[in-house]
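Asks: For reference, the chains in residue letters:
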Amino acid sequence: MSTQNHVYSRDFYGLAFCIFFLLLGCSIWWASMGYSELGAVFPRTIATLLMLLSAMYIVRVLVWPKATAYEFDGSNIRRVLLFLTLVAWAFSLEVLGFLTTSIVGFILILLIANYDAWTLKRATGLVLSGLSVLIGLYVIFKVVLHVPLPAGMLM
Amino acid sequence: MFHLQFLLDIFTPLNFVIALAGVCAGIVIGAMPGLTATMAVAVLVPFTFAAPPATALIALGAIYTGAIYGGSYAAILLNTPGTPSAIATTFDGYPMAKKGDGDLALTIACLSSVVGGLVGALCLILLAPPLAQFALSFGPVEYFWMAIFGLTLIASLSEGNIYKAAIGGCIGLLLSMIGVAEVGGDLRFTGESYTLLGGLDVVSALIGLYCIPVLIDLVASPASHMKISTRVSSFRLKEGLTKCWTDKFNLLRSSVIGTAVGILPGAGGSIASLVAYSEARRSSKNPENFGQGESSGIVATESANNATVGGGFVPTLVLGIPGTPPDAVILGALLVQGIRVGPQLFTEQSDVVFTFMYGLILATLLMLPVGLLFGRYAFRLLIATPKALLVPTVAFLTMLGGYAVNNSGNDVVIMVVLGGIGWVLARFGFKQSPIVLGLILGVIAEAGFVQGYLIGSARGSVLAEFFTRPISMVVVAFILLTLFYPIIRKQLGKSKGSQS
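Residue numbers (our numbering), protein chains in the order written: chain A, 36 to 190; chain B, 4 to 503.
Simulated from the structure, these hints should not be mistaken for lab results.
A portion of the hints provided could be inaccurate.
[What the hints assert, rightly or not] Okay, derived cross-link-like pairs now, DSSO-like style, lysine-lysine, Cα gap no bigger than 30 Å in a straight line: (1) A:Lys156 - B:Lys390; (2) B:Lys288 - B:Lys241; (3) A:Lys101 - B:Lys288; (4) B:Lys288 - B:Lys497; (5) B:Lys288 - B:Lys390; (6) B:Lys251 - B:Lys241; (7) B:Lys493 - B:Lys251; (8) A:Lys101 - B:Lys493; (9) B:Lys288 - B:Lys102; (10) B:Lys241 - A:Lys101; (11) B:Lys241 - B:Lys101; (12) B:Lys493 - A:Lys177; (13) B:Lys241 - B:Lys493; (14) B:Lys101 - B:Lys288; (15) B:Lys241 - B:Lys102.
[As the list claims (entries may be wrong)] Estimated spans, in silico, between C-beta atoms of each pair: (16) A:Phe126 - B:Ala467: 32 to 42 Å; (17) A:Val94 - B:Lys497: 53 to 63 Å; (18) B:Ser286 - A:Phe47: 30 to 40 Å.
[Said to hold, decoys possible] Footprint (simulated), chain A over chain B, 3 or more residues, beta carbon under 8 Å: (19) 74-81; (20) 171-177; (21) 182-190; (22) 406-413; (23) 466-480.
Glycine is no exception: its CB is placed at the ideal position from the N, C-alpha and C atoms.
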């Protein structure tokens, strides 16, 4: 795990984002050309505001630079793994079934979030208590609240 | 004597038990991220059909008020608004919880919700017909200015960089335009994808923007997810009461704001809590503490959102126009019970309507012991749960909540993607709260603006439509006051300093 705090002489990341937002504003203006007058007025107003604010921030960063600190602490590998698990979970829940994907997703995230040494007792305790919460909530939503959770191919 | 009889009617064992059960059910459902007060009421409505009309109404009112309060649990403990009404509760609630004061935050939320709920219910009992007339004087232009007033809160959420906060607000406003335009019917920013035709669901987006980044950061380090206060042995009720008493003007003002906004059809608890938060920050002696775990922020938002419950019933019962989405569900339940809403309701079926109103007060009072008890154990449970178990459980709840909003897998995908984008943007200084503000208020602002523009064009002057209506001008004055108050205060401070 890495713990890093970076201080930059000027806000380079903010600059990069604002250039992106400037381009985004332009593309929204371009997209709004195809809308009716009423449908276009608000997107154009907000896009103009977005471009204006982005341009002002770019000028500020370039002309009056200010030291900016960004924290890059913690394990980015775990962050990426968690996000990828969530994405895979979201995309597969209707195909494979809500319960199946939830059990797999739950165990994967349990593995990603755990920092302590695995012992048989700890693993059994965490998995059993986790699964009982998961199945309990699933039953409440599916049976009591009648939320049509997708069954998919597996369940 | 007339009202005393209705007051006594609510204390039948059945009404009492129903109100208690309704509050408990509402709090539990409202506490789950993604399950809104509307859903709580809608899901439990069928259980009330067999009950007598007054009892059924008490149950629905209790569920509704409990669910609005329940939203504060997830907002304070998980940084995820359980209901959209609790968005602003995250601003100070979560920082308080991170500092180890989650139990105090929950107690303050409970006390404020009770006061707000009582003010709303009392206004409903005493002033329903004239207040309903006031609601009718709000047109599209007033809604537009109200939304802009809510957006001024971006300035107070800027955390030192107003440009980035304002850009975040613009991103939120643009996100709110995805899908079919409300006026004009254009398909906007859908990328020819059917998934985005209906636009972004606000609740799913909220869960994504607030909860997913918290999960992403929780797994990144082995550190504990929450500091443990040395004072977790009690409810911290005395401390909470002292904070609320010190903040009594804020509490009352926010409750009145909540009631007034609740009366406006379609505005709802999220706008009420944002406006109350903005006002609390503006009038505070320590505005810089807001967003860092300032208890006044929780007092403002929680009293305002619970006051919308009573306020929302005003147009629902007097005019048949639901003030908030849960009111619309309750309106349907009233019709099933054979109750005809309208001004005649207060004379022809006064026994039912007044028993219901007093029942709402009973439910709000019951929220105090129930809320304190639930809050205490919710906080303890959260502290006792190992992080390795907490993260997948919260992830599961977000999936469940994200799906249950519209029973749609697309909403879950959008929620996760927005969560990832929200995390990246927050990492580089574009915080989630301004984006969420834009997302929520964008729809109201655009509809109000376009409708006001059309009406103004038809009348011959758009400017006159936007700038000459009395209520609009009052809201515009508040907008200007909110924006320029820090400068005015600075100038006043300087002149006082030079005099002394």
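Asks: Hints numbered earlier in the text: which of these fail when held up against the supplied structure?
Replies: When the structure is compared with the hints, numbers 5, 10, 12, 13, 16, 17, 19 and 23 turn out to be violated.
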